[in-house]
Each structure stands twice: as C-alpha cells, then as structure tokens.
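Visitor: Fit chain B with the ligands to the given chain A structure using the hints.
2 protein chains.
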Amino acid sequence: MEMSSLTQERKSAQFDVEAMKIVWEGSPEQVQLTQRIGQLVANDAVFRKDNRVSQGRLELFKNTLRKAAHAWSIIQSLHLTEAEASKLRSFIDEPAYTDLHWGMFIPAIKGQGTDEQQQKWLPLAYRQTIIGCYAQTELGHGSNVQGLETTATFDPSTDEFIVNTPTLTATKWWPGGLGKVSTHAIVYARLITDGKDYGVHAFIMQIRSLEDHHPLPGVIVADIGVKFGNGGYNTMDNGLLRFDNVRIPRDNLLMRVASVTRHGKYVPSGVPRQLGYGAMVFVRKSIVMDASNYLSRAVTIAVRYSAVRRQFGTQQGKPEIQVIDYMTQQSRLFPLLATAYAYRFLGVWMSWLYSDVMARLERGDFSTLPEVHACTAGLKSITTSTTADGIEECRKLCGGHGYLCASGLPELYAAYVPACTYEGDNVILLLQVARFLMKTLSLLGSGKKPSGTAAYLGNAADLLAKNCQVMKERDWINPDILQHAFEARSARLTVKCATQIAAASNQEAGFSEFSSELVDASRAHCELIVVTRFMEALKKEISGRSVMKQLQTLCYVYALSLVTARAGDFLVTGYLSSKQLDLAKGQLRSLFRELRPNAVALVDSFNHSDYYLGSTLGRFDGNVYENLYNDALKDPMNASPVTEGYEEYIRPVLKQQLKLPNSRL
Amino acid sequence: MEMSSLTQERKSAQFDVEAMKIVWEGSPEQVQLTQRIGQLVANDAVFRKDNRVSQGRLELFKNTLRKAAHAWSIIQSLHLTEAEASKLRSFIDEPAYTDLHWGMFIPAIKGQGTDEQQQKWLPLAYRQTIIGCYAQTELGHGSNVQGLETTATFDPSTDEFIVNTPTLTATKWWPGGLGKVSTHAIVYARLITDGKDYGVHAFIMQIRSLEDHHPLPGVIVADIGVKFGNGGYNTMDNGLLRFDNVRIPRDNLLMRVASVTRHGKYVPSGVPRQLGYGAMVFVRKSIVMDASNYLSRAVTIAVRYSAVRRQFGTQQGKPEIQVIDYMTQQSRLFPLLATAYAYRFLGVWMSWLYSDVMARLERGDFSTLPEVHACTAGLKSITTSTTADGIEECRKLCGGHGYLCASGLPELYAAYVPACTYEGDNVILLLQVARFLMKTLSLLGSGKKPSGTAAYLGNAADLLAKNCQVMKERDWINPDILQHAFEARSARLTVKCATQIAAASNQEAGFSEFSSELVDASRAHCELIVVTRFMEALKKEISGRSVMKQLQTLCYVYALSLVTARAGDFLVTGYLSSKQLDLAKGQLRSLFRELRPNAVALVDSFNHSDYYLGSTLGRFDGNVYENLYNDALKDPMNASPVTEGYEEYIRPVLKQQLKLPNSRL
Ligand SMILES: Cc1cc2nc3c(=O)[nH]c(=O)nc-3n(C[C@H](O)[C@H](O)[C@H](O)COP(=O)(O)OP(=O)(O)OC[C@H]3O[C@@H](n4cnc5c(N)ncnc54)[C@H](O)[C@@H]3O)c2cc1C
Ligand SMILES: Cc1cc2nc3c(=O)[nH]c(=O)nc-3n(C[C@H](O)[C@H](O)[C@H](O)COP(=O)(O)OP(=O)(O)OC[C@H]3O[C@@H](n4cnc5c(N)ncnc54)[C@H](O)[C@@H]3O)c2cc1C
Ligand SMILES: [Ca+2]
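First to last, the sequence lines map onto chains A and B. Here the numbering used here = 1-based position in the first sequence + 5. Here the numbering used here = 1-based position in the second sequence + 5.
Isolated chain A (complex conformation):
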C-alpha cells in the first residue's frame, strides 16, 4: 500500500513530537487537559460546528445560545474547575456572550468594586443568575474613552444616579453579549455631581427584567447587526444601549477608586488608579496567547495541505512536486510557523511579567508601569496584526481550495481579525509606544536609566556607533549578533525620530508630522522584544530528543525572516550592508532546508484536533480530496439534483417564458 504524504512526512521528522507538545502546552498536565476537554467537546453533537457557515444569522445565533447553555450544564454537572471550564468554552470555538460575562464583567467587578460590592454581585454572576457585559464604547467614541458622552448625574434628593444618553452618538455600541442576552452591564459614564464632571467612571446597571427578560423602562437595547464573515462574531449579540434618565442606587457606582457621599461629594478612596493596570497586562497576555493559538491553527492547515497538495513537475509517472517544496511557498509559510512558536514563548514571558507587576503593585512600586504599559500595548498590536495577516496568507497559500469554508480558514480569519481593533486600535497603540520611547530618550539626558524592555536604550551611543559584524552566512546564527542587530535597528529609528521631532516647530507638531516614522520605530522596539524573549527562553533547559535544535532553528527563522522583511529599516540606518543582507537571506534559505523535513511534525506538536481545526484541508490524515468531495455532496445546496428556484427563475429563462416587466430606462 502506498504511504500517504503526511505519513511519509512524519517518518522523516527528526525530533520527539510528544516532547514538543509538552513545550508548547507548558506541562504534561496541560497536554492532558487539552486532550480530555478537547475530546469532550468534539464528541458532543450539540457542539457541532461544520454547519454554521450555511446558517442564516438568526439560526446561527440561536444555536450559540444552545451551545452556551449546554456547556454550562456540563460545567455544573461535572464540577469543572475554572481552568477546565474556560478550556471548554474555548474549544467550543465561537464567540459568545459568556466570553464577556466571564472575561470582562466579572473581572471589572473584581477590579473596580469594593469588597462589599464584590460580595453583593460576584455570587450572582458566578452562578449566572445574572448575565453581564462590558459597555464602554459608544457610537461616536471608541478609542477616545475620555470623550464618552453618557452621563450619570447624582441626585441627592433621592440618593440616586440618573443615567442618561444625551445624544445619538452617546448610544453604547459594540458591547458583546449586550444586544440580546445580558441582564446587567458595566456601563461607563461621566460622573457628574454637584455640577461638576468628574470624568468617566464604571457603574453596574440592570438593563433587562429578571422575570421576563424585557428591557427595563427607559432602556433601549438591541443587536447592532451582521458582522464580517462566515460565523465569526455573528454568533455574538454585540449590542446598542440607550438610557432615558434611568435611576440607579448610588452604590451602583463601582467604588474601589472613588465614591460619592450621600450628599453628593466626590471622594477618592486613596486606592491608586494604577492598580487597574494589572488587569490590562493580564488581558494583553491573553491576547498574545490567543495570537499564538490562532496562528498555529492557520499554519497547521497550510503546512499539512502544502505537503498533500502537488502541482507541476511530473516526471515519468512519478508524483508531482509537493507545493511545500517550492521556495516561494516556504518563504511565506515557514516564518509564520516560527512566529506561532515565538508568540507562545512571548505569552509565557508575559505571564511572568503579569505576576511581577502584580507583586510590585501590591507593595506600591509603580516604577515599571510606564515601561510595562508601553511594552504590552505594542505587543498586543504587532502580534494581532501579524496573526490576522498570517491567517489570510495561510489561506492564500492553499490556492483556490483555501477560499472554501471547508478549509476552516475563512472562519478563523473572521473570528480573529477584530482583535486588531478591540482592546485598542493597533495603530493608536503603536503611537502610545512611540510616546514612551520619546519620553525615555528625553530622560536619558537627565541621567534616568531606562529599565526592563527599554534598558537597551541606555546603551544607545554604542548601538548607534557599531555596525553589524557579520562576514559570512553562519555568522548570523548567533544570539549576540541578532540581539545587537534588533537593538541597533530600534535605537537608531527611535533616535532618528527624536532628532526629527526636535527640529520641528513644536513637539506636538513634530510628533504628528513624523507619526508614520514613529510607528515604524515602535514596531522595531516590539519586534526586538519578541526576538529577545524567544532567544532567552532557549537559554533554559528543554528536554526531548532534538527538541531544542528545532526550537533554535525556528528562533533563527523568526529573527532572520524579520531581518529580510524589514530590510529597509536595517539598511536605511546604515547598520547593515547589502552584502550582509544577502548573507542573511542565504542563511535563511539554509534554515528553511533544515526546517523542511520537520515542518509537519512541528505543526503536529501544536496538538490541534481535527474537530478544533475544523478544516478538511488540515486533516491529520491528509485525506483531503475524498473528504472535500463527500462533504460537498452532503451540502444543503445538494439536497436535490434540481435546485430550488429552477421553476421560477431558470426554466423561464431557458424556455424564453419570462414575463417582461414594464421597466423604463
């Protein structure tokens, strides 16, 4: 019997896949958890997802409600832990109101409520006797949170806040879970008391009756309509919300940071606002982990299919060439494979960063906050942009068949791409990084040493002076060389921006004029962090036959593919010569050759089940064509050999029996 392409690929792999799975998941226990919960979901017919792309919006949404209820009953009856429950929800693999309830509503209460408030609301939320969402964005304001228009005016005569939507643009717009499901919402509104506007604060509000689910009096709430793509966020009821002078008790203001007295005096609690930043680091860490997860799924599909797909180059009855053997295919695909690994190690490091920040906050040490804030903002931005583009690239790498939903990639993209927008527009985030970089440079003069991920800027003089030392291809295979290259690129772009801004009429005008250049510098800073974290991670011991070797190859592929992709940056700053760039390209090609026999095993190591991938092209067994064909025949469109609509709209055309209308031109 002939061996399938993928079997052959797996035989040629040079490392221990099971050991790599443990590296990817973090521990043998995590591998088991994935296996266990993954199978639970895959084997439950309620969680079927292959039919969702042919469903209309209403059917799709209703089915998501069904899945969420079913998941909740499983979680309760099996007494799953929080970690297990969250794994279960993520394997169901579609956006749902529960994401916001568990991921934003509850954390907001924890982070912004007093102990009393937590005791009041959390038990209800944990049991889901109330369901909540996070209502910040308005029709007119997303990025500019300080510009939100909803008001909450304290009325001392009744001891209540009056929450109001004064304009059309003040309508809450986008919150997930809001449109059709949530009974409660964390509402951001301008706190006004004693005639003074204290800016945006968080309130907890009931919006629907707990008896019949109707919106409460004075509340308009609805779904905002269809969103991008197949499935995707169409399983979610992103909503709109308006208040017509709705009254809520004073203590519905979440009061960890500030409260209002019975007589309307605004009183800061003394708890520093900065405490909230820990939550932001946590969210961004999760986003980076998600990026590595989504990218790894797309790459799994594209790598496996590229090994199955053959095109051109038949020689005397021998099979054609596997498209994964084309250099153009490799140079688009392998860097993405390496990036998935890079982001995983980055995510692990961000978990450490989160605990470090939390420990510092607890002892009142806010010193690392600006650096951590900038670093995590930038990492959110570059990882989500790269992942979104990477998913589409993987789809294109699958040729025509990638455009079929059967490839799994259209749904993956639709569900992922808004990550470039929510939790901060990716360009605006890079501009925040740029502000930090400019500030850091300006403080260098006064002797303030930058720390953490910005420490290298303290070394700017050397980085500006010393050019790349590479003389031959193999010289690139060196962490010190790469570290220096990425530091020099970032430092040089940053210093150049600072110089240009300094020459402008004023600081703000200069910042605005050179903001595209600043974005480039910020990207350089962030990519340096990713490269550094990947190289650092490989300094620790990692077990398993040849696992370390594969990871090193991936790490160099990641770094060198960035060097060639950002060649302009390295050249314009005079750091690299054209010759050195050619050496980098040559070395990268050698690395592709090393990676090639291990490519399929490296995606197997992500341990994604066929159910989770939801892709005929990415099947573990590589049996692509038979399954494409059989699944097509089962499509609802093929329920009968003659299509619905034939009698009304096709036969009359063919038989020249169309009724001609009386249109006028």
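Treat the hints as calculated values from the structure; they're not laboratory data. From a predicted model like this one, the values you see are computed outputs, not experimental measurements. Treat the hints loosely; a few may be bogus.
The list treats identical chains as one, so a pair stands whether inside a single copy or across any two.
To be verified - DSS-like, lysine-lysine: derived pairs with alpha carbons at most 25 Å apart: (1) Lys-639 / Lys-67; (2) Lys-270 / Lys-501; (3) Lys-444 / Lys-471; (4) Lys-26 / Lys-67; (5) Lys-92 / Lys-664; (6) Lys-501 / Lys-471; (7) Lys-115 / Lys-660; (8) Lys-501 / Lys-477; (9) Lys-471 / Lys-584; (10) Lys-115 / Lys-92; (11) Lys-201 / Lys-323; (12) Lys-584 / Lys-501; (13) Lys-660 / Lys-67; (14) Lys-554 / Lys-16; (15) Lys-660 / Lys-125; (16) Lys-16 / Lys-54; (17) Lys-67 / Lys-664; (18) Lys-444 / Lys-660; (19) Lys-54 / Lys-664.
Guide: Positioned in the frame of chain A, the structure of chain B with the ligands alone reads:
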C-alpha cells in the same frame, strides 16, 4: 444650521469634480450610462442587496437566481445593447452564473470554435436557451493545466468522444455556474485518439436535460459548498462535475486549432495557438479595470468616513479632530486613493495594448507576445493583490465600525479576494514574469533588443551605473527622476537575480533557490509599468479646472509612496541614499497636505451611488450615525425585544433550571 463635515469638505475642494468624473469614466457618454443604468438598478426592489448578509446560503442563492432572471427580462424588454447589459449586470453587484455564461462560455466558443461551431452554438447561448460555464480546474489541478486528468477518448466505431473522469482528483471543481444552473459546459480534457494523448483540449458538453434540468446519465454535478465571507461568492454555484464514460459527438471538440478526422487522425488546423493569447490579454485588462473599480469603492467609503469620524483632540467645545487629519491615517489611505487612479489609467492603456495585440495577431506578427504575456500576467498579479489588501486596509481604517457589514467593506472583500487566485495564482504569475525577465537578459548578449515594457532593460548598463540624482525634496517631483528610479530598481534587482542564478549549479536549481528574489524583481518590473503608464497618461491634454493638477499630485503620491514602501529595494541596490529616502518621505508628506482638502472630492469623482457602495459609513451625505442606528433597529435580530431562544436557553440558565446531562469526563 451647522454644515455637515462632508459639505464642508466639498466646499474646500479645489477642482472641477464633474470634469474629473469624465476623466474617470473615459467620456461624458460613459458618465451618463453609469448614471442611467445605475439608477435603474438602484430603484428596482428586486435588486435590493442590503439584506443579503443575514440570509442563509439557500435563500441567498435563490435570490440571486431571481435577480438574474429579472435582469434578463429587463435587458430583453428594454432591448439593451451588450455594453448596457453588461453594465446592468455589474451594478447588480453580486457574482452569478451569468458572469461565466457571458464572460467565459461565449468567449470560449468564439475563440476556440470554428465558424460552423460558432453558428451552431452562439445563437443558443445569446438567447440563453442554453446556459454554459467554463470547466477547467479539477480537484487535483488548478495552476497546472497541463496536468488535468479528465480524458476524452475518440471511439471511431461510433464517431464519438468518450469523456471520462478516471480518478477522484480528476473531478472538475470550482467552475462558476456549474453546480446548479448550467446546462452546458466547456470541458477541458485530454484528447486521446489512436492510443495517443494529445494533451488538454476544449469540448462543449451538455450536462443537464433541457427538459427537466436533471443531470444527464453518467453525469454527476453538484455545488461545492460555502465560500469565504458574507455574500461574496456564495451567490454563485461553483460546482463539481464527474463523467462516467459519457459519449459526445466528435464535433463537440472545439476545432479552431485542431480537429480529429472520422477515422481518428489528429489534425492541427494550421491556425496558430497563439491566437488564443488575445483573449487572455482581454481578460487581464478587465481584471485591472475591476481592480480600480473595487479599490475606488473601498477608498470612497474610507475617505468619507474618515472625514466624518472624529476622535480625540477636543478643545473648548470645538469638535474633535477628523481622523482623516491624522498623518498615520493619511499615509495608509492616500496612497490607496492614488492607486485607484493609477490602475484606471493602466486599464485604459491595457485596452490599447489589447487592440495592438489583436491587430498584430491578425497580420501574423507574434513578436510582442512574450513581452505582452509577461506584462499582463504581472499586472494582473500586482493589481489584484494590492486591491485585496487595500480593501482590508480601508476596513481597518474605519475602526470598529468597519467590521460591521453596514460598512459595505466585508462584502467587498469577500467578493474581491479570490481574484488573487483565479485566472492564475498571483505568485505563480510573478514567477512567469521572472522567467521572461531572465530570458530577456540572457538575450541581451546576443544583441536582441527588448521592446515594449521591457525596453528599458536594453539600457541596463546605464541604469546600473547611475544613482539617483535627488538633492532636495522638490527634486522628486519630476517624471524623469521617477522613471529612472523605477527603471533602475527593476533593472538592478533583475540583473542581481541573473547573476545569482548564473552562479548556481544549474539554471533550474538557481531559479528555484532564488525564486523569492525573482518575485521581488518581477514586482519591481510591474510597478515600473504602472508608474510609467500613469505619467504617460498625464502627458496628454486633460481638461477641467485644476483636474490635471490633482492627477499630478495623485501620480506623485502613487510613485513616492511606492518608493518609501519599497525602500529596501532602492537601498539594497545602492541606488538611493538614506538621505534621499528621507527627502522622498518629506515630499510625500507635502503631497498629502496638497491632497487633503481634495480628498472627498476625489472620491466623489468616482461617481459611485449610495446603492452601489452599499455602505452606511460611505454615504454621500455623511449621515453615518443616524443611519447605522436606524438600520440596526430594523435588523431581523431585533424583530422582538426578547430573543428567540430565550425560553429554551437563557431563562433556564438564569433560573438555575438547566437539565444537567450525564456527560462523562
Ligand atoms: C468585534 C468587536 C467587539 C467589541 N466588543 C466591545 C465590548 O465588548 N465592549 C466595548 O465597550 N467595546 C467593544 N468594541 C469596540 C472597540 O473597543 C472599538 O471599536 C475600538 O476601541 C476601536 O475604536 P473605534 O471603533 O472608535 O476606532 P476609531 O478611533 O474611530 O478609529 C478609526 C480610525 O482612526 C484612527 N485614529 C483614531 N484616533 C487616532 C489618533 N489619535 N491618531 C491616529 N489615528 C487615530 C484609527 O487608527 C483608525 O484608523 C468591540 C469592537 C469590535 C469590532
Ligand atoms: C472563486 C473562484 C472561482 C473560480 N472559478 C473557476 C471557473 O469558473 N472555472 C475554472 O475552471 N476554475 C475556476 N476556479 C479555479 C481557479 O482557477 C484555481 O483555483 C486557480 O487557478 C488556482 O489554482 P489552485 O487552486 O490549483 O492552486 P495551487 O496551484 O494548488 O496553489 C497552492 C499553492 O501552491 C503554490 N504553487 C503551486 N505551483 C507552484 C509553482 N510551480 N511554484 C511556486 N508555487 C507554486 C501556489 O503559489 C499556492 O500558494 C475558481 C477559483 C475560485 C477561488
Ligand atoms: Ca518637508
């Protein structure tokens, strides 16, 4: 009364928009045609399209059949010309079987059928008493047409071809209009006679009964399933097709180029195969025109919304900053605006190229074919890739609201992006350009002068020797400087590839090893062509107040944004210094400032109606928020205040009344 943002924008425009519309459309008559047919479609309720994103696949498809029938009855009753009919179909703005019938089936008969065959089949096709499609691609072979597996074996005993699908991978897969509608198909199959395989030929075959539309005996035909995105190609019945030894008369072979005698002898007709290349140029010209059309629609939406959208920078009650005023926004948006114009002029030039090629072919002059073939292949590739990416970029430029289907951009992307794959995978096309470039260089030695778009390579010595002469920002505003820069970039990258390949062990190995670099060189060659055609077009007279000035600004924006985006190419070849690159960036920023007050008027000049745009964000009146809000309330999801599924799946959760299943972990 306050003036709306867009009214204000239109007042500040500095040129004659009506005159620009004529430039864009090509003539006043074309402007009128657009107006006339555009309104006809917009005012006809059958052509409503705002509901298609919430429909399931079956409903969506049936509705497309309805539109196609309705359009056909209008075309007949109003006796529309071919040009009017095709405009009508394009304004209906969704892929349908008619695209293939009129765009591929009929042209294939014209191009590959003998006069007799044309007389037999064309009248039927013109009246749509038969409906046809174009069945080339198979499950296992798309790019590699020569590898198709379907066979057509001549049987002299009955004077018939026996058409057969010998394997699973030989199943026809993808042809539009095939799955549910077509009665006939142009089928590509290997012609076998006298025991010899003569390679792939085109046959015309009936696949469904003209009486009851059932597939004919021995024919399996079906839809291949759901495709990427909202709407998009889901209105199309891309299909699969298998033959179980189906017999067709000998003269169903399209015989323009070759025929088979009654006794099975294969006889080339003497008509050169090259004649078919004219059709290819025509198709690629249309693709480039489509690119400019799609990109212009996306840019219209993003420009208008960016002028309406305000975020940050409130000062004492004054409105916030229009996001179009942010430099990062401009530097992503304005180059795309310029590109839409660039592609329009390119398309016009390709129309000329098409007639030139046809005239040559008629007099047996095949000398320009290789150059034209490479040039059009490359232009198809870069314009479709840039347009697809550009649509997504426009969507992201609209922030969160761009992700709503109400922005119109998700549908635009879904319908457009397969253009990167069909009519040739974009990477494979660039590799074809690369082969031509390598060939051209290799012939230089033997004194063969390259012509047409490759003529500059005859000048390679100078282009390699002379670096950029720019000394100050304004120097960049010079067609000669730009021409030289783009020629030098392309020539240098091409020569470098040739040198690298020459050093390889053998030609093919070298070509494969350096194929990524070859793709870069090909892209440079094609971008040079676009820049050149844009600059050439502006050498002719163009009337209308300040219209020429605007076009010049756009042309420079196009060229300089490419210089900065491809900085690596220009730097690595030593052609540009870092300083000169900075000057280019500085000049580009000045151009953005010139463009800014005209941006809205420049998209108004595309003359897209609100119906055609199908975008709340891109409305002509700029009344974005009110319409987003009102449309959302009309969404089927909001038919009742309490969602379907509440009783079954939400209430039991809230009330702790879920039935717990007996799941096992
Ligand atoms: C799927 C999805 C789910 C969401 N879920 C929630 C939720 O649960 N709760 C919630 O409250 N919100 C939610 N949101 C809203 C989301 O947080 C916002 O859409 C996001 O913050 C972006 O803001 P915006 O839409 O206002 O973009 P805008 O700020 O309007 O951006 C438009 C353009 O302007 C540019 N721009 C704006 N300001 C500047 C500047 N200062 N400098 C340079 N450029 C600028 C941007 O780069 C962008 O190109 C969701 C959004 C989506 C898409
Ligand atoms: C919406 C849509 C409509 C279509 N309509 C029709 C139709 O009406 N009729 C019809 O006959 N067909 C149709 N097609 C099919 C279409 O023509 C093919 O999908 C297209 O030609 C690409 O071929 P492929 O899918 O085999 O890609 P593949 O060749 O399988 O490409 C897969 C990957 O391999 C790479 N690759 C392949 N060969 C090489 C090489 N030699 N060197 C380097 N890289 C290589 C590609 O770059 C790509 O990344 C349609 C397709 C789509 C998506
Ligand atoms: Ca300047």
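Visitor: Indicate, hint by hint, whether the structure satisfies it.
Guide: Right, here's what the structure says about each hint:
Taking the shortest alpha-carbon separations for Lys-639 and Lys-67, both the intra-copy value of 23 Å and the inter-copy value of 18 Å come in at or below 25 Å. In this assembly of identical chains, Lys-270 and Lys-501 lie within 25 Å of each other by CA distance neither inside one copy nor across copies; the values are 49 Å within and 74 Å between. For the homomeric pair Lys-444 and Lys-471, the shortest alpha-carbon distance inside one copy (24 Å) is at most 25 Å, but the shortest distance between copies (42 Å) is not. For a Cα distance limit of 25 Å, the shortest separation of Lys-26 from Lys-67 qualifies neither inside one copy, at 36 Å, nor across copies, at 47 Å.
Taking CA atoms no more than 25 Å apart as the test, Lys-92 paired with Lys-664 passes between copies only; the shortest distance there is 22 Å, against 58 Å inside one copy. With identical chains, the CA atoms of Lys-501 and Lys-471 are at most 25 Å apart within one copy only, with a shortest distance of 16 Å there and 28 Å across copies. For the homomeric pair Lys-115 and Lys-660, the shortest alpha-carbon distance between copies (24 Å) is at most 25 Å, but the shortest distance inside one copy (69 Å) is not. Taking identical chains as interchangeable, the C-alpha atoms of Lys-501 and Lys-477 lie at most 25 Å apart only when they sit on different chains, with a minimum of 19 Å there against 29 Å within one chain.
For the homomeric pair Lys-471 and Lys-584, the shortest alpha-carbon distances inside one copy (17 Å) and between copies (20 Å) are both at most 25 Å. In this assembly of identical chains, the alpha carbons of Lys-115 and Lys-92 lie at most 25 Å apart only when taken from the same copy (21 Å versus 59 Å across copies). Proximity of Lys-201 to Lys-323 under the C-alpha cut-off of 25 Å is restricted to the inter-copy arrangement: shortest distance 20 Å between copies versus 81 Å within a copy. In this assembly of identical chains, Lys-584 and Lys-501 lie within 25 Å of each other by CA distance both inside one copy and across copies; the values are 24 Å within and 12 Å between.
Taking the closest pair of Cα atoms, Lys-660 and Lys-67 come within 25 Å of each other only across two copies (19 Å); inside a single copy the shortest separation is 42 Å, beyond that limit. Proximity of Lys-554 to Lys-16 under the C-alpha cut-off of 25 Å is restricted to the intra-copy arrangement: shortest distance 18 Å within a copy versus 64 Å between copies. Taking the closest pair of Cα atoms, Lys-660 and Lys-125 come within 25 Å of each other only across two copies (18 Å); inside a single copy the shortest separation is 72 Å, beyond that limit. For the identical chains of this complex, Lys-16 and Lys-54 are neighbours neither inside a copy (32 Å) nor across copies (52 Å), given an alpha-carbon limit of 25 Å.
Taking the shortest Cα distances, Lys-67 and Lys-664 sit within 25 Å of each other only across copies (18 Å), while inside one copy they are farther apart (39 Å). For a Cα distance limit of 25 Å, the shortest separation of Lys-444 from Lys-660 qualifies neither inside one copy, at 75 Å, nor across copies, at 53 Å. In this assembly of identical chains, Lys-54 and Lys-664 lie within 25 Å of each other by CA distance solely across copies; the values are 22 Å between and 42 Å within a copy.
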